[in-house]
Structure formats: structure tokens, C-alpha cells
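Chemist: Here are the chains, one letter per residue:
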Amino acid sequence: MSFVRHQIKKRLQAALRVVADWSFFTGAVLIGGFGTAWYMIDTGSALTTAKVGPWVMWRTAGLVEADPYTRAHFSRLGVLPIGSDVAETYFARTDDDGRQLHSSCDYVVEGLSPPSSWWSVTVFDADGRLIANPAERTSYTSETAAILPNGRFSIALARSANPGNWLPTGGAGRLSVVLTRMSWAVATGTGDEQSSGPDLPKIVRKACR
Amino acid sequence: MKIEIPRIAIPSGRLVLAAVFSIAILHILLTFAAPAMTAWTPYGRLAAKLPLNRMTLLPPIGPRAQPLPFVGSDFRLAMCRFDTEEGPVALNATLPAQGWTISIYDADGATIYSAIADPGRRVDVALLIVPDDERFAGLTPEARGDSAVDSGVLRVAATSGIAILRAPDSGLAYRARNEDELKRATCRVGRS
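Quick note, the sequences are listed as chains W and U, same order. The first sequence: position 85 = 84 (numbering that gives the first Met the number 0), numbered continuously. The second sequence: position 120 = 119 (numbering that gives the first Met the number 0), numbered continuously.
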């Protein structure tokens, strides 16, 4: 009798071990597979993105030879990006200190406006929707923003009106800022920026409510 | 009868190896399948609003008139949804100043052609979008080993997709000029 009980016990223990192994295997594969794919598509890596401060640019966005992560990233966003061979498109979801951009705070986007290039700064909500506002202002370009005599610009992202260049953020919640830069030198690969890295604007948090 | 629950044992090396291999397979499958798993594609969303093989000037972009996410009011757009089933589609546009771009995307959202304005001079773009099968049938110049540019017309191969002409927001003074240039762009079935 005790021999039979011992056999049953052994078999149950073996079955439990198999279940444990399969649970480990399935869990690891699902978490690892979905997790790594989601991370690479949503956030990217040094191979697929260039990060400068809070700005992220997908290196092969809009190119024929775009890598699968970049293709998946922009498909997921539902965007038809301008080719990164003709324009640099940078996305920012945080300020320079790494804090999430939010409409409850006021920010300043400040940087140099290179005379040889065209740029735009546009503010969206987290899902890429433009933010409705009475001023009907959602974007500034190098040709519509007031540029200081020293060639620098400053754009306020704030809920309430600001003097100078002001992009209203309303009650949008989390924000995304998109910087698009186009320059003939970059498009033809003859610019200094190719080697020295781009001088991108800073996003500085001023105050929160 | 009391059953001892086996202590959590370190998974065998073979199991870990199998898991790593399976994670890699799942990762690759998900990455390649991701574009097909989206609820709607940019092409699908725009196709419903755009006439076929005709350049359409979109209204100024704003919160209530935004064709796609992350498309801002920094550009005014003209779009052409093309389909080369009835024959090649000729696309003509001018990029008059810095910031102007033209891009052609296939139905999967992949860029098949893009160009930027050359500062200091007007750039006339003349493209002939030919069906993919024409390319494979050896009818296009590049298929015959010749240059893709023939009499100033560049040939690109695609079955269907969207061409987008972008005019940058250069301020109030230039809006009428930009609108006129966008309206002048054409997209039609034929070779000119």
C-alpha cells in the first residue's frame, strides 16, 4: 500500500514539475516576446533612434529602407512621416529634465534659429491631436515665429496667454511637441550638422499649477 | 496523502535556451505583423476622403481638420490618392521655396519617393508612377538598364498610394501664393 502511495506521490510531483516548467516557458516567452517588441516599437533603441535631450528622431522614418521597428512605430501612430533624408522630425514627450510634458505646466522651447534651415515647432496632445484654442495657434515656423536679433527664438507652451510666441496648451493633459527641421545641407549630406550633431532647442519647465 | 510541492528549481539550460529562441521568434513575428495589426492605416483613413487620381487641396489644418495624427498647421497640404490599375499616373508639381516637400507613399505607408525644395530656385517635379507589374515586365527604363529619368520625367513604381505635396506655413503674406502653387499641382492618369 505504501509503495503505491509513494508511486502516486512521485508521479504527481513529476507532473507539477512539468507544469512549472511549462508555466515558466510560456510566461517568459509571452512577457519577453511582447515586452521586447513593444519596447523596440514604442521607444526604440540607439540603433533606430537618435536622442538629443528630450528629442527623439527615428533615423529611417519615411525612408524606403526603413527598418521594421520604424515602420511598425509609425504605422502604430498612424503617421505618414516626411522622409528623414529630406527633413529631421523630432518628437518630445518630456522636458529637458525628463519630466512628462503636461498642460498643467508652462514651458519654454528655446533655441537657435539657423538662417539656412527651415523649422517648425508644433504642440499636440499625447495622441497627436492638435489642441483647440481661441487663438487658433498650434504651430510656429522659422518664418512665422518672432526671432530675436541674436538669432535665437523662444516659444511659450502655456495654458494662459503669454507675450511673444505662444502656443496654447489648454487642458490637453499630456503633451507632445514635434520639431521639424529642413535644410538643403542636411538633405544633401553636406552640412556640418552631419558630423557635429544637431543643436536642438531646450524645453524648460517654468511653472506648474 | 501529503504531496510535497517540488521546490522551485532553476530551469534547465535547454528550457532557458528554448525560451530565448521562442522569445526571439515571437519578437520578430510581432514586429513584422505590427503594421497589419493597427486598427486603421494612414492610407485607409485618407482613401475614404480623397478622390482617385486627382490632386486635392486640403483645407488649412487645425484641430477640427486634421487628416492624420501628428500632422500640424505648419504645412498646407495637397494630396493625391493614386491607383495605377488604369495606367501610369503623371504627377506634376513645383517646389518654389525652402520648406516645400513632395512625398509618395505606397498603401502600406512606406515612402517610395521624396524631394525637398532647392533654396534659391524653383524645382519642377515631374513624376510618372507606373504599375509594379510594368516594372517587372521590363517596360520601365530602369528595368531595361537605362536611367529612370526620361525627358525630365522620373518614373517610380507603385500600384496604389498617396502623394503629398507640403507647403510650409510662411506667414500670412505667402498663404495665397502657396495655395496657388498647391492648386497648380496635378495628378492624373496618363503619361503627361
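Hints in this document: simulated from the structure, not taken from any laboratory. Some hints here could point you the wrong way.
Said to hold, decoys possible - Some chain W residues judged to face chain U by a derived CB distance under 8 Å, without partners named:
(1) V55
(2) M56
(3) R58
(4) L62
(5) T93
(6) D105
(7) S119
(8) T121
(9) A125
(10) R128
(11) A134
(12) E135
(13) E142
(14) A145
Unchecked claim - Quick list of simulated restraints, FRET-style, between CB atoms:
(15) U:A38 to W:V203: 30 to 38 Å
(16) U:P118 to W:D96: 48 to 56 Å
(17) W:A160 to U:A32: 29 to 37 Å
What the hints assert, rightly or not - Quick look at which bits of chain W chain U covers, simulated, 3 or more residues with Cβ under 8 Å:
(18) 40 to 50
(19) 63 to 76
(20) 81 to 87
(21) 169 to 182
Ideal Cβ positions, reconstructed from N, Cα and C, are used throughout, including at glycine.
Chemist: If a hint holds in the structure, say so; if it does not, say that too.
Modeler: Verification of the hints:
no., hint, in the structure
1, V55, "violated (13 Å)"
2, M56, "violated (13 Å)"
3, R58, "violated (14 Å)"
4, L62, "holds (6 Å)"
5, T93, "violated (17 Å)"
6, D105, "violated (20 Å)"
7, S119, "holds (4 Å)"
8, T121, "holds (3 Å)"
9, A125, "violated (10 Å)"
10, R128, "holds (7 Å)"
11, A134, "violated (11 Å)"
12, E135, "holds (6 Å)"
13, E142, "holds (4 Å)"
14, A145, "violated (11 Å)"
15, U:A38 to W:V203: 30 to 38 Å, "holds (36 Å)"
16, U:P118 to W:D96: 48 to 56 Å, "violated (36 Å)"
17, W:A160 to U:A32: 29 to 37 Å, "violated (47 Å)"
18, 40 to 50, "violated (count 1)"
19, 63 to 76, "holds (count 10)"
20, 81 to 87, "holds (count 5)"
21, 169 to 182, "holds (count 4)"
The structure does not agree with the numbered hints 1, 2, 3, 5, 6, 9, 11, 14, 16, 17, 18 stated previously, though it agrees with the rest.
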